[in-house]
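The listed protein sequences correspond, in order, to chains A and B.
Under our numbering, the first residue of the first sequence is numbered 550, with each subsequent residue one higher.
Under our numbering, the first residue of the second sequence is numbered 550, with each subsequent residue one higher.
It should be emphasised that the hints constitute simulated quantities derived from the structure, not laboratory data.
Here the structure is a predicted model, which is why all the values come from computation and not from measurement.
Among the clues, some could well be false.
Pairs count within a copy or across copies, as identical chains cannot be separated in the list.
Listed below are the simulated DSS-like cross-link pairs for lysine-lysine, each with C-alpha atoms no more than 30 angstroms apart in a straight line [as the list claims (entries may be wrong)]:
1) 640 with 714
2) 923 with 829
3) 661 with 755
4) 923 with 673
5) 829 with 640
6) 738 with 640
7) 701 with 679
8) 661 with 829
9) 673 with 755
10) 661 with 640
11) 673 with 829
12) 714 with 923
13) 673 with 714
14) 923 with 661
15) 738 with 673
There are 2 protein chains.
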Amino acid sequence: MPEPNALSARVALLSIGDELLLGEITDTNVPYMAQRLLPLGLAVAGCETVGDETGAIVAAFQRALARADIVMATGGLGPTDDDLTMEALAKAVGLELEYRPEVMDQMAERLKRPLSSFTSSNRKQAFLPKGAHVLRNDWGTAPGVHLIVGEKHVFLMPGVPREMKGLLNERILPLLARLFPLPQAIRIKTFHSFGIPESVVGERLKELMQPGRNPDVGTRVGGGVVSVRLVATAAAAEQAAALLAGPAELVRAALREGLFGEDDENTLALAALRALLARKKTAALAESCTAGLVAARLAEIPGASAAFLEGAIVYSNAAKVRACGVQPETLAVHGAVSAETAQELAAGIRARAGADIGLAVTGIAGPDGGTPAKPVGLVFFGVATAQGVRTWERNYPGYDRQTIRDRAAAQALDLLRRAALEE
Amino acid sequence: MPEPNALSARVALLSIGDELLLGEITDTNVPYMAQRLLPLGLAVAGCETVGDETGAIVAAFQRALARADIVMATGGLGPTDDDLTMEALAKAVGLELEYRPEVMDQMAERLKRPLSSFTSSNRKQAFLPKGAHVLRNDWGTAPGVHLIVGEKHVFLMPGVPREMKGLLNERILPLLARLFPLPQAIRIKTFHSFGIPESVVGERLKELMQPGRNPDVGTRVGGGVVSVRLVATAAAAEQAAALLAGPAELVRAALREGLFGEDDENTLALAALRALLARKKTAALAESCTAGLVAARLAEIPGASAAFLEGAIVYSNAAKVRACGVQPETLAVHGAVSAETAQELAAGIRARAGADIGLAVTGIAGPDGGTPAKPVGLVFFGVATAQGVRTWERNYPGYDRQTIRDRAAAQALDLLRRAALEE
Numbered sequence: 550m551p552e553p554n555a556l557s558a559r560v561a562l563l564s565i566g567d568e569l570l571l572g573e574i575t576d577t578n579v580p581y582m583a584q585r586l587l588p589l590g591l592a593v594a595g596c597e598t599v600g601d602e603t604g605a606i607v608a609a610f611q612r613a614l615a616r617a618d619i620v621m622a623t624g625g626l627g628p629t630d631d632d633l634t635m636e637a638l639a640k641a642v643g644l645e646l647e648y649r650p651e652v653m654d655q656m657a658e659r660l661k662r663p664l665s666s667f668t669s670s671n672r673k674q675a676f677l678p679k680g681a682h683v684l685r686n687d688w689g690t691a692p693g694v695h696l697i698v699g700e701k702h703v704f705l706m707p708g709v710p711r712e713m714k715g716l717l718n719e720r721i722l723p724l725l726a727r728l729f730p731l732p733q734a735i736r737i738k739t740f741h742s743f744g745i746p747e748s749v750v751g752e753r754l755k756e757l758m759q760p761g762r763n764p765d766v767g768t769r770v771g772g773g774v775v776s777v778r779l780v781a782t783a784a785a786a787e788q789a790a791a792l793l794a795g796p797a798e799l800v801r802a803a804l805r806e807g808l809f810g811e812d813d814e815n816t817l818a819l820a821a822l823r824a825l826l827a828r829k830k831t832a833a834l835a836e837s838c839t840a841g842l843v844a845a846r847l848a849e850i851p852g853a854s855a856a857f858l859e860g861a862i863v864y865s866n867a868a869k870v871r872a873c874g875v876q877p878e879t880l881a882v883h884g885a886v887s888a889e890t891a892q893e894l895a896a897g898i899r900a901r902a903g904a905d906i907g908l909a910v911t912g913i914a915g916p917d918g919g920t921p922a923k924p925v926g927l928v929f930f931g932v933a934t935a936q937g938v939r940t941w942e943r944n945y946p947g948y949d950r951q952t953i954r955d956r957a958a959a960q961a962l963d964l965l966r967r968a969a970l971e972e
Numbered sequence: 550m551p552e553p554n555a556l557s558a559r560v561a562l563l564s565i566g567d568e569l570l571l572g573e574i575t576d577t578n579v580p581y582m583a584q585r586l587l588p589l590g591l592a593v594a595g596c597e598t599v600g601d602e603t604g605a606i607v608a609a610f611q612r613a614l615a616r617a618d619i620v621m622a623t624g625g626l627g628p629t630d631d632d633l634t635m636e637a638l639a640k641a642v643g644l645e646l647e648y649r650p651e652v653m654d655q656m657a658e659r660l661k662r663p664l665s666s667f668t669s670s671n672r673k674q675a676f677l678p679k680g681a682h683v684l685r686n687d688w689g690t691a692p693g694v695h696l697i698v699g700e701k702h703v704f705l706m707p708g709v710p711r712e713m714k715g716l717l718n719e720r721i722l723p724l725l726a727r728l729f730p731l732p733q734a735i736r737i738k739t740f741h742s743f744g745i746p747e748s749v750v751g752e753r754l755k756e757l758m759q760p761g762r763n764p765d766v767g768t769r770v771g772g773g774v775v776s777v778r779l780v781a782t783a784a785a786a787e788q789a790a791a792l793l794a795g796p797a798e799l800v801r802a803a804l805r806e807g808l809f810g811e812d813d814e815n816t817l818a819l820a821a822l823r824a825l826l827a828r829k830k831t832a833a834l835a836e837s838c839t840a841g842l843v844a845a846r847l848a849e850i851p852g853a854s855a856a857f858l859e860g861a862i863v864y865s866n867a868a869k870v871r872a873c874g875v876q877p878e879t880l881a882v883h884g885a886v887s888a889e890t891a892q893e894l895a896a897g898i899r900a901r902a903g904a905d906i907g908l909a910v911t912g913i914a915g916p917d918g919g920t921p922a923k924p925v926g927l928v929f930f931g932v933a934t935a936q937g938v939r940t941w942e943r944n945y946p947g948y949d950r951q952t953i954r955d956r957a958a959a960q961a962l963d964l965l966r967r968a969a970l971e972e
């Protein structure tokens, strides 16, 4: 996290809506806004979620204004009776609401309807705290709002992520960049690795991670991926970039072959697909326990079909034999979860699909089906290339079905990336 | 939402961690906890997110204790220097920290390591606010904590969702049910439907949805699924159950063939798998644009392999021909995205897998590949059974790649469920 002296202002976020407190929806606006604010040197000091109740929203606005320079609230701007954000903000700062005809004009223009066709509920959306600036919303009907309160700035946005993103990116961030010019430039660089435990990464980067260093270096882990983030601050952008250069090389060296991507290249699927496309190779998959997870992650990426030819989800033994040419004797002698079966699955799908790389996953995801010799969490991987077939064995003990499948899919995508990059 | 007079206590949630304020992770703990608390009559009054800073956490604990009967905090219980929750809670309520050897004993037992092997960082996790109760964590090493502060109750859980869920469900909810017996009985019943727009459901249930009725009836929509929730409150459980019976029948009638599940049977995949198992039928899939999504959702459910035999992910035309027996002329004349190809894919995978039902999905997920005649978002589905093959055409215009694939997978699972239930 950047040192406080590199920050130009503190932000408080406020999410408004009963649906959030009932657990009916997950608040994805907060992480999105936080990520977009950070490069401007605007750090989120805290965030609060309140329901559709005027008193609670008023109090939350007052707390937010007390602790931050910028308050950004989402939700409660719609036309219904439980949309109370405008009214609550006006109360919180002691202002009246006033009717703003331009809001209705924009709504009429956007919906291509005459002004006369709007109901009083619609008109409610045009009552803003006195003196507020209207931020034109080209992604929905509720207006964005910018209210200056003394030295502080309050922004209101709809809770619908698409509308929030439009207003934030097109209206609010450019304004904030002008209002709060960075006292120092910030440059951020992120590295993503797989296969090296976080503790080992921490050990290798011990020197760089000493507190008070510039760039600030931090690690985080999720789904088996360990990411390292460098945040450099300096008087000018070039200096910040220069500060990053040396440490970035040290991080690359520390992560070595585990490094699969930098900055936005933050998923194993994207890294695997890019490796395939860069080397003009094709892949085919045979999945048993992951049952389509690896394929679905590859196919999530636009253009995946250029490198990913096909997949076989071979849950049953019959499917393993028929779709991938596994020998019935192999299944009988070694079992469906074995290095031998993984090997034949990989070779079989590669040959049948005519792909450069065949990748196979077979394991025991549980909760049932484990034995002392082959416990739940045991997974075998096979990779077939023109050079031959190799297998790997991994164990994910003590994890639930979802996590075992998730980790196995991550491992499979990393093996695919590595195979694609081989000569 | 249950009426306030039916609620036994108010809950404040507190999420602790820099990673939340940096937007590095999305807080899924809050909606999970809110959903689990509601049936106990415990409503979330608000939630707050703070970073790893003692002063901020202390202030947040004090605000939460001021406004709620129960405070539940997640995060900041780990062994590192930026794990400050224990210390901050102790400060917030004016208690000392004390060493609790049973925490280390549990850690040693769980990790199968001798006590002497633990570092001082590990031991830090065993310092709890004086008088706190240890909640045994069988899902990780950080202990759960229950601290009674006057009339109020504070619970601390790790931020890792798996550990939070274990502690919440196995330790905390049973305790809360005893501590806060419901002044009124609440019975909740939920219905899940697919294929009927929310506005139509709302129209059919207009009478039941009038404000102030008991049961309270609300709808919500997500991923194409429209759910209807009934919340009945009464002096005794039997009365609440009786209040539900009539309206529940009306909802079932209103949702008709769109109804796929009740209460916890809340995913289309679960409904499809249960329908297959109930009718002792097997299924095989041929997926093009969804590319494993349908298979992965089925396989997420323990025991899926009993009914789901195999899947073919047939991105390339060659794979459609080889793995599912699609005629090259069909592809040449009608194209890969056509009812004809969907039909042959479904029939082909059914025959090859020897399954009762063959299900096929082929479409244009975009962002590229659309034409005026076959735009992005056009998807064909095929279902093959012993009775023959049928096809469906759906269009998801204006959606992004992810949403198109998601909606197509939902549609496919609903077709599979309906096919399984046919005679």
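Going through the hints against the structure:
When the C-alpha separation of residue 640 and residue 714 is checked against a cutoff of 30 angstroms, the pair qualifies only within one copy, where the shortest distance is 27 angstroms, while the shortest distance between copies is 39 angstroms. Within a single copy, residue 923 and residue 829 get their C-alpha atoms only as close as 38 angstroms, which misses the 30 angstroms cut-off; across copies the closest is 29 angstroms, which meets it. For a Cα distance limit of 30 angstroms, the shortest separation of residue 661 from residue 755 across copies, 28 angstroms, qualifies, whereas the shortest one inside one copy, 59 angstroms, does not. Proximity of residue 923 to residue 673 under the C-alpha cut-off of 30 angstroms is found in neither arrangement, the shortest distances being 62 angstroms within a copy and 37 angstroms between copies.
Taking the closest pair of Cα atoms, residue 829 and residue 640 never come within 30 angstroms of each other, the shortest separation being 60 angstroms inside a single copy and 60 angstroms across copies. Proximity of residue 738 and residue 640 under a CA criterion of 30 angstroms is satisfied in neither setting, with 42 angstroms inside one chain copy and 37 angstroms between copies. Taking the closest pair of Cα atoms, residue 701 and residue 679 come within 30 angstroms of each other only inside a single copy of the chain (16 angstroms); across copies the shortest separation is 41 angstroms, beyond that limit. Taking CA atoms no more than 30 angstroms apart as the test, residue 661 paired with residue 829 passes in neither setting, with 44 angstroms inside one copy and 48 angstroms between copies.
Taking identical chains as interchangeable, the C-alpha atoms of residue 673 and residue 755 lie at most 30 angstroms apart only when they sit on different chains, with a minimum of 21 angstroms there against 57 angstroms within one chain. In the homo-oligomer, the alpha carbons of residue 661 and residue 640 never lie at most 30 angstroms apart, since the shortest distance is 33 angstroms inside one protomer and 58 angstroms across protomers. Proximity of residue 673 to residue 829 under the C-alpha cut-off of 30 angstroms is found in neither arrangement, the shortest distances being 54 angstroms within a copy and 52 angstroms between copies. Taking identical chains as interchangeable, the C-alpha atoms of residue 714 and residue 923 lie at most 30 angstroms apart only when they sit on different chains, with a minimum of 28 angstroms there against 45 angstroms within one chain.
For a Cα distance limit of 30 angstroms, the shortest separation of residue 673 from residue 714 inside one copy, 23 angstroms, qualifies, whereas the shortest one across copies, 41 angstroms, does not. Within a single copy, residue 923 and residue 661 get their C-alpha atoms only as close as 60 angstroms, which misses the 30 angstroms cut-off; across copies the closest is 21 angstroms, which meets it. Taking the shortest Cα distances, residue 738 and residue 673 never come within 30 angstroms of each other, neither inside one copy (44 angstroms) nor across copies (32 angstroms).
The structure is inconsistent with the numbered hints 4, 5, 6, 8, 10, 11, 15, although it conforms to all the rest.
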